[in-house]
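Input sequences plus hints: build the corresponding full structure.
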Amino acid sequence: MARGLCYHKDGSVRVITNNLKLLVGGVQLRDGVLTVTDVLGRIFTRAGLYVLEMERGYASTIYGAHQYDPMVISAQQPLSWGDPYVDILIALDFDSNPDAKDQPNRDTVLRHGRDLKDGGVLLYDSSTGEIPTGDLERRGVKVFPIPARNIARDELKKDVVKNIIPVGALFRLLEFDADVSLLRGLLEERFLRKGREIVDLNLRAAARGVEVVEGVLAARGWTDAGYRLDALPVDDPRLLIAGNEALAMGAIAGGCRYYAGYPITPASAILEFMEEHLPKYGGRAMQGQNERESIRAALGAAVAGVRSMVGTSGPGLSLKVEEFGVSGVTETPIVIVDTQRAGPSTGMPTKSEQADLFLAAYGGHGEIPRIVLAPATQEECYTMMVEAQNLADKYQCPVFFLTDLNLSEGRKVVPQSFFEQYPVVVDRSTLLREDDLARDGNGYKRFAVTETGISPRLVPGTRGAVFKVSGSEHDERGFVSTDPSIRKAQMEKRFRKMATYLAEDAKPPKVYGDPAGRPVLVGWGSTRPVLLDAQQRLAASGTDVAVMHFTHLWPFNTSAVKPILERAASVISVEQNFHGQLADVIQSYCMVPVTRIVKFNGLPMYVSDITGGVNQILAGEVAVVRVGVEAPVPVKVSEGD
Amino acid sequence: MTDGAQTRPAPAKAAAKIWDENAVPRHRIQWCPGCGDFGVLAALKMAVAKLEITPSQTLMVGGIGCSGQIRNYLNGNAFHGTHGGALAYALGAKMANPELQVITLAGDGDTFAIGVENFVHVCRRDPDIVLVVMDNGVYGLTKGQHSPTHGRGIDKEYVLEEDPPPFSPLRLALTAGATFVAQSFSGDPKHAAEIYVQAMQHKGFAFVNDFSPCVTYNKFNTYDWYREHVENIPAGHDPADLGAAWALLDDFDKRGRLPLGVVHAHPRGKKAVTRLPIWEHELKDADIKPLLQMFR
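Residue numbers (the working numbering), protein chains in the order written: chain A, 1 to 641; chain B, 1001 to 1296.
By construction, these hints were calculated from the structure, which means they are not laboratory data.
There could be a bad hint or two in this list.
[As the list claims (entries may be wrong)] Computed Cβ-Cβ distance ranges for the label pairs, DEER-style: (1) B/Asp1285 - A/Gln287: 41 to 47 Å; (2) B/Asp1285 - A/Thr558: 37 to 43 Å; (3) B/His1266 - A/Gly195: 18 to 24 Å; (4) B/Asp1285 - A/Val180: 39 to 45 Å; (5) B/Gln1201 - A/Arg463: 47 to 53 Å.
[Unchecked claim] Distance condition first, Cα-Cα at most 20 Å in a straight line; then the derived SDA-like pairs of lysine to any residue: (6) A/Lys280 - B/His1121; (7) B/Lys1271 - B/Leu1051; (8) A/Lys510 - A/Asp427; (9) A/Lys488 - A/Pro423; (10) B/Lys1143 - B/Asn1218; (11) B/Lys1284 - A/Phe418; (12) B/Lys1284 - A/Lys562; (13) B/Lys1017 - B/Arg1028; (14) B/Lys1289 - A/Lys510; (15) B/Lys1284 - A/Thr17; (16) B/Lys1284 - A/Asp427; (17) A/Lys510 - A/Asn557; (18) B/Lys1289 - A/Gly282; (19) B/Lys1289 - A/His277; (20) A/Lys488 - A/Met498; (21) B/Lys1284 - A/Ser417; (22) B/Lys1289 - A/Ser417; (23) A/Lys280 - B/Gln1293.
Keep in mind it's a predicted model, so treat the numbers as computed, not measured.
Glycine residues also receive a C-beta, built at the ideal position from the N, C-alpha and C atoms.
Here you go:
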């Protein structure tokens, strides 16, 4: 959708129904941005609408920075989060700027006002005075000033209900939930145990929002806001779920019973989820005293036979690198979740990136077999995590599970039945039982050289045999050895597992459209929705491209990829990192040149980034497009770690 | 490797022999002749034999260095990973399966330098595992660099950042809240074995600092030097009394003596835990439906 497209021309009565993008912004912690979007997201989901909340706008501070949370709401599952442009902007900030007293601090309007579509809606907290919105109104934006803080503080005598006032206001201008049944239902679930009066106070706050909107509509002579949402019948309960939550549930379903983490954005939610819920399934979750204790304890649990997992983000993954080798050489299974964020070092802790592929695929001294997976959606966070648990067990090596901040924390509507009906298989056939030992009796070898490379694994405590496992090179029984022939046999055995994996379990990249003779857009992980959206938009403007999307990244599946890319007119890799890490891998394995569209400014990849980049590359202007304009920073804020 | 236990169950003497199986043959052991670690190995075998532990229920986690190799010099399951990591692997394994007898065997550099982060917090966490540190004051395997316990008994006029004075493992353990703190001397394996037995019987984290002389790279803290400086903890000492433990260390330090025996032993109240689910029948049909409700 091009910017400036006019939905609501003068004189037109067109109302857009069940298709809009909303952005709520305010001061982090104080203004309750996430409280508002959580209430909205849950209610819209219950109303049968699809919500997609994949762009995370917060800062690495507890309090005070600008926070925003965009949300796509639609009658159908949205193809992607689209572009930065929004239909409705809700600005919760209300204070004045001490550095410029004549200008109220309107971070949300200043930062995102330019992204409002012509004919859109601005709803802002006018408690400290109205702000100049002439520019926006000239573009047909309908402006609704609401003194929410003042109403809450002065009329309702309870500051916290200020968050519900814009909810009521928004529902009124969308002509949604007119009987307040959905809002009342949610408020009762949350607050009824604290007392009926809390529920009633919140409903009064919502009603005050409705009144203010009706006042503005009447004063301006508007019949509607130009947008509406209609509740749709829901035959199947739906969930609004984040990637972290989906993958944590996938781990539990897939048999993970030991989890260790260390606080780090954006992986902490997995630790908290596991601490709360894993014990219900007989498991244990531990906050390590550091990143290394976490992975070492998880490896110890895996040695004892438990399906074991750690989760972290880039800085933590760097600290765990030494243990990749331990897992690889001792053939101890472990699933390592990396919720990628912008690096290097502390980087931008609350911004999303896809720059850890090299670390996952190559990190560490020496060479080990390893598997790298990267789910694209919340659904795949669940299903591929079940797969990851089985792969780690079968191949007895680290399995990396690369998500990113936007996928980890971003939420999407998924039918509940999706989780209930997915057939979970827990396969532990590489573990030896006491009966197996009794049958094979003639001396157990932990690192037996086999055709598949996979050696049966013994759980300590199993009577009849013991293992010796060493991070040093070892013979078949596990005793330390530097004998050249043993070294060769063991290295080859370990890497034979990767050949077995490629033959038996690796999934080739999914190809959308016919790549023969066309440009192929290549991507991995969470960018699939925007790649497919861009493919459609490019087709609409007469450019046919195919999309090749990777979820199983490593070991690289050359025989599945190379023949396809060799037939393509050109290959364009779309990635959220500086170099185009997958592009480099493809070039080295497939020996085809790969041009790149890369974005590393902390903002999500937008559809227009891809379409613009593709046009530039196909026009022969450049081989690498580094997209993303500098975001304006109207108010400087210092951020922490 | 069969664990040996099945083929020869009965007499105590034969039972002790089990510990020689599935191990590097004695003539292939790669410790210098006279290495203190031989004493630890002998004491360890005596202790596990006395407690009638079976090799298959044992998990030894070895550190990096000469000392960690001990894991392969006797029967029993063994794991070995990174430098400084032994205690953390042991912690995870014990959390996963409390039925295992988990014994961590590492050196002073491994435990108190690169692995001190694990040592301190495992003292706090108090898993039911044993740690025997073979303390020789040097990094022997890399040819004699100083470890955090180097310089024991050496009076220096001044110190430099490059070569700080030794620190006390026992005091660190007490400070960090260890519930069993003891010291032994590999020159007296019988006494060491008694200490190990108590450590293995202790409900909680049991730390034994064992003076295990490096005959090649520590020419100061020799067997003879230790014999002159060690002294058994008096029979009247009450290990359950933490104040008495500190007083005992102060008294020994003042007199320039090194205590042998149990300095402190006072188990904490612990919640009983069971082995985590491992097998398919324990894992299948994990019902995640109750979790889904929170996302509605």
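Q: Provide an ascending list of the numbers of those earlier hints which the structure does not satisfy.
A: 1, 3, 5, 6, 7, 8, 9, 12, 14, 15
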